[in-house]
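Using the sequences provided together with the hints, build the complete structure.
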Amino acid sequence: QVQLQESGPGLVKPSETLSLMCTVSGVSLSNYYWAWIRQLPGKGLEWIGDGEDSGRGKYKASLRSRVSISVDKSKNQFSLRLTSVSAADSAIYYCARDQGTFIRGGHFDYWGQGILVTVSS
Amino acid sequence: DIEMTHSPSSLSASVGDRVTIGCRASQGIGNSVAWYQQKPGKAPKLLVFATSTLESGVPSRFSGGGSGTNYTLTISRLQPEDFATYYCQQYYTPPLTFGQGTKVEIK
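Protein chains in written order, with this note's numbering: chain U, 6 to 126; chain R, 18 to 124.
Keep in mind that the hints were calculated from the coordinates and are not lab data. Please read these numbers as outputs of a predicted model, since none were measured by experiment. Misleading hints may appear alongside valid ones.
Stated by the list, open to error - Dumping the calculated DSS-like pairs for lysine-lysine here, alpha-carbon to alpha-carbon at most 30 Å:
(1) U:Lys80 - R:Lys59
(2) U:Lys80 - U:Lys65
(3) U:Lys48 - R:Lys124
(4) R:Lys120 - U:Lys65
(5) R:Lys59 - R:Lys120
(6) U:Lys48 - R:Lys120
(7) U:Lys65 - R:Lys56
(8) U:Lys48 - R:Lys56
(9) R:Lys62 - U:Lys65
(10) U:Lys78 - R:Lys62
(11) R:Lys62 - U:Lys80
(12) U:Lys18 - R:Lys120
(13) U:Lys48 - R:Lys59
(14) R:Lys62 - R:Lys124
(15) U:Lys78 - R:Lys124
(16) U:Lys48 - R:Lys62
As the list claims (entries may be wrong) - According to the in silico footprint, chain R covers these stretches of chain U (three or more CB under 8 Å from chain R):
(17) 15–28
(18) 58–70
The beta-carbon is built from N, C-alpha and C at its ideal position, and this holds for glycine as well.
Printed below as a string of structure tokens:
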């Protein structure tokens, strides 16, 4: 079955770069979009962006200058890089499979369990 | 950005009740709406997509409906495992956006 698992540091210092990895099993990364979504403590869900193995990506406009998503189908992994983080970036970060297209995006049918990232000195 | 607004933000119900959660989009979203269930400490779980298509393995007591800007998720007979927070999501156009959620609590 399809499984996603996030990994990375749980604590990042302000102004530094947050880097997370999502390892996917049970399906090839080709032909899908792969997303990062975050949930601020006690709050709702925020889509960060999507990437796919051709290198194309789309990002939430307010984060676009700081975020990149890369897909490595040889390792069946995709990653999130968020630069210049602040306390406002503290959240649970989820990776997920997006069933949509590049133009529209879609619904998310498989999710990782989530990883809590705290931005603090 | 398309804003998704839940109603109500929370509700109390009993096992066996019929429960309907609403979600209003700030503009038409052409039936491109999904619903998720989230329990504490867990990732969201997809229940419904394309307004009314039930994800594989989801019990038939869940159903989705609506059109234009107004969408609903109905649980026909609430079960103990259904107490959770439910989120709608639009994927009509990026940025993909979620509602703030409806928490279903035990009465």
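Going down the list of hints, with the structure as the test:
1. U:Lys80 - R:Lys59: Holds: Lys80 of chain U and Lys59 of chain R sit about 26 Å apart, inside 30 Å.
2. U:Lys80 - U:Lys65: Distance of about 26 Å is within 30 Å: holds.
3. U:Lys48 - R:Lys124: 23 Å, holds
4. R:Lys120 - U:Lys65: OK: Lys120 of chain R and Lys65 of chain U at ~26 Å, within 30 Å.
5. R:Lys59 - R:Lys120: Status holds; Cα separation ~14 Å.
6. U:Lys48 - R:Lys120: 12 Å, holds
7. U:Lys65 - R:Lys56: Roughly 26 Å between the alpha carbons, so the hint for Lys65 of chain U and Lys56 of chain R holds.
8. U:Lys48 - R:Lys56: Within the cut-off at roughly 13 Å; holds.
9. R:Lys62 - U:Lys65: Answer holds: Lys62 of chain R to Lys65 of chain U is near 22 Å, not above 30 Å.
10. U:Lys78 - R:Lys62: Holds: Lys78 of chain U and Lys62 of chain R sit about 25 Å apart, inside 30 Å.
11. R:Lys62 - U:Lys80: 26 Å, holds
12. U:Lys18 - R:Lys120: 33 Å, violated
13. U:Lys48 - R:Lys59: The given pair, whose Cα atoms are some 14 Å apart, holds under the 30 Å limit.
14. R:Lys62 - R:Lys124: 23 Å, holds
15. U:Lys78 - R:Lys124: 48 Å, violated
16. U:Lys48 - R:Lys62: 17 Å, holds
17. 15–28: Three-residue rule not met by the region 15–28 of chain U, so violated; n is 0.
18. 58–70: holds (count 3)
The structure does not agree with the numbered hints 12, 15 and 17 stated previously, though it agrees with the rest.
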